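**Q** Residue numbers (this note's numbering), protein chains in the order written: chain G, 13 to 671; chain P, 13 to 671.
Treat the hints as calculated values from the structure; they're not laboratory data.
Don't take every hint at face value.
[As the list claims (entries may be wrong)] Computed list of lysine-lysine pairs in DSSO-like fashion (alpha-carbon distance at most 27 Å, straight line):
1) G/Lys-495 / G/Lys-304
2) P/Lys-221 / P/Lys-189
3) P/Lys-495 / P/Lys-614
4) G/Lys-585 / P/Lys-304
5) G/Lys-585 / G/Lys-627
6) P/Lys-167 / P/Lys-191
7) G/Lys-218 / G/Lys-189
8) P/Lys-30 / G/Lys-585
9) G/Lys-451 / G/Lys-425
10) G/Lys-439 / P/Lys-221
11) P/Lys-451 / P/Lys-585
12) P/Lys-439 / G/Lys-431
13) G/Lys-649 / G/Lys-495
14) G/Lys-254 / G/Lys-221
15) G/Lys-304 / P/Lys-585
16) G/Lys-431 / P/Lys-431
17) G/Lys-189 / G/Lys-425
18) G/Lys-585 / G/Lys-604
19) G/Lys-638 / G/Lys-585
20) G/Lys-30 / P/Lys-221
21) P/Lys-43 / P/Lys-585
The structure presented is a predicted model; accordingly, all values stated were derived computationally and were not measured.
2 protein chains.
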Amino acid sequence: MPNVDTILHNAVVLTMDKEFRIFEPGAVAVKDNLIVAVGPETEILNGFEAAHLVDCQGKVLMPGIINTHTHVPMTLLRGLADDLRLDVWLMGYMMPVEREFVTPEFVRLGTKLACAEMIRSGVTAFADMYYFEDAIAETTAEVGMRAWAGQTVMKFPAPDAKSYEDSLALCEALIKKWKGHPLIVPAIAPHAVYTCPAEVLMACAKMAKQYDVPIHFHVAETSSEVETLRNAEGMPVVPYIKKLGMLDVKLLAAHCVYVDEGEIRTMLHYNVGIAHNPSSNLKLASGFAPIKRMLELGCNVGVGTDGTASNNDLDMFEEIRLASFVAKAHSGDPTALPARQALEMVTIQGARAMHIADITGSLEAGKRADLITVEVDLVHNSPRFRRDPNGIYAQLIYAAKAADVRDVMVEGKWLMQDKQLMTIDEKAALQEAQVLAVKIDNFLKGREESVISKLIAIGGAAEMESFEVQSKVRVDDLDEIEKALFIPEIEIVRVRHYHEFDSYFSFEDPSQGRLRYREDEFIDENGKITNVRSRLTLIGSENESFDEEILLSRSRYLAPASHSLRFYNEYFKPSSVLEIEKNRLRYLIRYKEEEFFVNFDKLIRPDIGHFIEIKSRTWSKQDADKKAAMVAELLDKLGLANKVHIHEDYVSLIEKAQR
Amino acid sequence: MPNVDTILHNAVVLTMDKEFRIFEPGAVAVKDNLIVAVGPETEILNGFEAAHLVDCQGKVLMPGIINTHTHVPMTLLRGLADDLRLDVWLMGYMMPVEREFVTPEFVRLGTKLACAEMIRSGVTAFADMYYFEDAIAETTAEVGMRAWAGQTVMKFPAPDAKSYEDSLALCEALIKKWKGHPLIVPAIAPHAVYTCPAEVLMACAKMAKQYDVPIHFHVAETSSEVETLRNAEGMPVVPYIKKLGMLDVKLLAAHCVYVDEGEIRTMLHYNVGIAHNPSSNLKLASGFAPIKRMLELGCNVGVGTDGTASNNDLDMFEEIRLASFVAKAHSGDPTALPARQALEMVTIQGARAMHIADITGSLEAGKRADLITVEVDLVHNSPRFRRDPNGIYAQLIYAAKAADVRDVMVEGKWLMQDKQLMTIDEKAALQEAQVLAVKIDNFLKGREESVISKLIAIGGAAEMESFEVQSKVRVDDLDEIEKALFIPEIEIVRVRHYHEFDSYFSFEDPSQGRLRYREDEFIDENGKITNVRSRLTLIGSENESFDEEILLSRSRYLAPASHSLRFYNEYFKPSSVLEIEKNRLRYLIRYKEEEFFVNFDKLIRPDIGHFIEIKSRTWSKQDADKKAAMVAELLDKLGLANKVHIHEDYVSLIEKAQR
């Protein structure tokens, strides 16, 4: 009789092979890292001599579960910020914290904890995408799990790379080190179309082809991603990345929420693996992926948890149940995504999506020994009906829990036996993680103490001390005064016409200053909008007036507003917001070698009248004094010397009127 | 110092009181069945002398979770039939099995198992609706849980009542026995508007008012429920039941998937409790309840698991996470139903929905001691960030699992300590349940062996041996022959015009016979459809032809088709379906004291020509012989004696042509 290392017997063996064979009682024989035989218990026990016999006591014995999309080190950021919009969550919390904390040590610890959680819930293989992916690959291999290690590439500076060229160099080193490893598949992970310009994606596709490695990529996760691309490129995501050569390699496309029939068929044609992430898509309100249709057409759709920071766990039992529930509810068809097909998605289909179905995903002789046992007779999963052969799949999908997994083997090696982890010191890792959590808490607490820190944290804000002199008078007729500008001493440099929308954020602590979000519409001579510009300005709280006609304000931070007003509102949480809308004719003039802005303003909302404003930027108190005197001269030339001069800026003026 | 029985200390105490106070480290003092004090640990430890000190070791200590809608004994039917439509599932599987198996012993066992599962997942109170509710109340009280025991009332015969009057008598007995019990609230549970006519609902409302007990009721679960009611009564569910007096009592409305803005406001005005059941609504593809809006308006919305047969578990951790996810995804707003509000729904809001918020739902001095502890430092729920006070709620809603509950106390009594159940012999109950599952499997297996048994199982099929004699000839012109009917020997009794749509189900085993689903449209003299009728006929497999002109077929079961064609298709799973559409002018004539049908048939789909058919029902072979001779005479009178007579019925004729 041939010798094997281990026979697992007395189990309900779900092979997940092409015929969905079930053996009960069944057994599996394992030698080295491979499955040698799968079949009825007596056949296997009589056919092989085993060094170790494992009595599964009636538990289900099935292929390991495959998590096709995650960011494992983010276990360390679980619960950091919840119930937020994707952009606030990502740009306001995740990225700032990642910029500050993510190091090779961070990802090693996070990977260890993620592996512990995944092994406990029966996962044997996962597809990752993060930074310092070499350290993730090392930790995963030490733990003994199977993974795609996907090194992130994007246009922004990342924790592990200053530019995308640096990221690609990391990819190349990763590939050279890991290609051919029994557990680790090195992968290139360009983040998404909105973070990777065409040349970055083309470079990734080229490298993937050169080294024959796969690509892990976020595809059409939100409607705004697709709409933005359509506006810029005239096409949705799939044809766009096809044009760039991304479909000519082994591609794993995560999310695919907003893909149409044609795109699904294209992905099918190019054998693209799809990673469906129901928890993440629901929690971030991204939408409902057309999974039922993808499955009908025959796409390889696996299931992923996404990172724990947006889920908030790595529980594939919960994930697949949700996938089935959502497919039913979204299609209005309770027979959609039935239990057996759901289990297929997290086993053999997941392996196909990751292009590793030749070695894992089902219990078949010749495949790697990646397998788990699950208890199905606990109080929350009883009784068991046997009339319908699909009943056992329904038990696993609709009632079993991650905690019901008892044993996990990967590549022929036990990673968990009887709920004891064999390769991870969970307690030490948890303690280390808690120490780090305190540091992250303190970092965010410090940041949230001031609006300025929050502004800096999301990047893009340039600190600059800026004084401004300004004087303002209320007038009846703007046109008359405009004519008075055209005198020899005044040179008209340029004139612009704007429609301005300002939102002023105030904070409970007035010393924080005021944050202004401005959207300018540029109007051409025909009255048409030619361009829109958004800017963010944090204005210091102290106003000083130099003399009757002059207001000096101190602008401290200026930034292009790359996010939306709604984003800033949720991120900065102002105590009140004041909105001002005005029509502005803005002259840039030169007077005695200095430049001034002369604004002809018509306040629309609130409708408080017409104003002439003369302003000049300045960089020192001395210069401000000089310019303040010149502003007084200019007002005189415009015939406004006798008018009541207003000391406040518009926002103060309006607030005072409203009080 | 005042004496108390127990102090639970060293906990993160989430009070869920009006101010959402959190004490960390906090403590709770319990005396008899009541909470005596809640506060900071030192304050409680210094303020009271306790017989028992329980160190919670940093776990969360919070109010028990409330499951506001379930059918507890259905734990015994978990996994019996999945991935089916609501009607097939309910009428095809649940109700037939319930009719056969549900007894007081059945509900006792099912309740015990449900209580075990619920206690393990931190539930302390639930609202039930089932049969033999007195036995459920007895078991629940023995176990020590808090519950509404809702005795089902409906127009159909139920396992515990032949008529609704019987059900109401059971309600009255239940109320008299249990009213005033410290744990059990007796309730009247009319099933739904589609199973309870107006007089039944009015009688329920009247009794609820008379005894001041609440009503537990399914409201607007599916769109078809609402559409059917709109067609019949001209209004949706809420105004309809308001008219019947159902809102004048303490009402708990389960599901509320299809309620509009006005109905939500009406429910708010009448303080109706709402039980949201996300798993059930998703799994059965019922739809998405407008929970975000209900909460915005201030409704008391609790969360329920529904029965395990449609969920498939009683896991409230999963349920509330799903409620939050679905509210976000369905509204497109990731800030909808944030974690703290979600936890509120399953604690104090659930208590309000059940009209028991005066005694439970929050940790406050004076309320009953219904509380649980939950571990929040396990690997799937780490690390813990403390910067945001809502972080602990996010941990519970988005990452904690039912299995993380360690201790459960109800009414001051421990039901679980350190994961050991104190009042239930779980193992014995599980064994008993498995014995029963085998019996149910065998019942269904026997049933599924024959189409007849399946037809009987869903009710309404009348068994009747019916012979039919028939003869058929193909003709070119129906009108000519129609004129030949008007001779003195033939009395025209009546004539009807139909448009007939037949679906013939065939089965792999031909001895099962053929099942015909027929939809008749009645056409009036102006060509308008006046009525539609559906019938189901199981036609025996043996055809015997008596002589050249006569076909005898044996119809064995006749039933009004109360379900849709789609239902029967899914329920009977035919191996093939043949559809036939025809236009029929049907004369009922009297000839020599016997009645015959003469059909002038124009086959439309498939288009195989025009036919004259003469038929007569018969009840014995002898009579059939006699009538067969008379049919030959009639054919002769119509000038058709020389035509080729067709021996098959239409379905055989078409099948033969298609082969």
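**Q** Each hint: holds or not?
**A** Hint check:
no.: 1; hint: G/Lys-495 / G/Lys-304; verdict: violated (68 Å)
no.: 2; hint: P/Lys-221 / P/Lys-189; verdict: holds (17 Å)
no.: 3; hint: P/Lys-495 / P/Lys-614; verdict: holds (17 Å)
no.: 4; hint: G/Lys-585 / P/Lys-304; verdict: holds (22 Å)
no.: 5; hint: G/Lys-585 / G/Lys-627; verdict: violated (31 Å)
no.: 6; hint: P/Lys-167 / P/Lys-191; verdict: holds (25 Å)
no.: 7; hint: G/Lys-218 / G/Lys-189; verdict: holds (19 Å)
no.: 8; hint: P/Lys-30 / G/Lys-585; verdict: holds (23 Å)
no.: 9; hint: G/Lys-451 / G/Lys-425; verdict: violated (36 Å)
no.: 10; hint: G/Lys-439 / P/Lys-221; verdict: violated (58 Å)
no.: 11; hint: P/Lys-451 / P/Lys-585; verdict: holds (23 Å)
no.: 12; hint: P/Lys-439 / G/Lys-431; verdict: holds (21 Å)
no.: 13; hint: G/Lys-649 / G/Lys-495; verdict: holds (11 Å)
no.: 14; hint: G/Lys-254 / G/Lys-221; verdict: holds (14 Å)
no.: 15; hint: G/Lys-304 / P/Lys-585; verdict: holds (22 Å)
no.: 16; hint: G/Lys-431 / P/Lys-431; verdict: holds (16 Å)
no.: 17; hint: G/Lys-189 / G/Lys-425; verdict: holds (23 Å)
no.: 18; hint: G/Lys-585 / G/Lys-604; verdict: violated (44 Å)
no.: 19; hint: G/Lys-638 / G/Lys-585; verdict: violated (39 Å)
no.: 20; hint: G/Lys-30 / P/Lys-221; verdict: violated (61 Å)
no.: 21; hint: P/Lys-43 / P/Lys-585; verdict: violated (60 Å)
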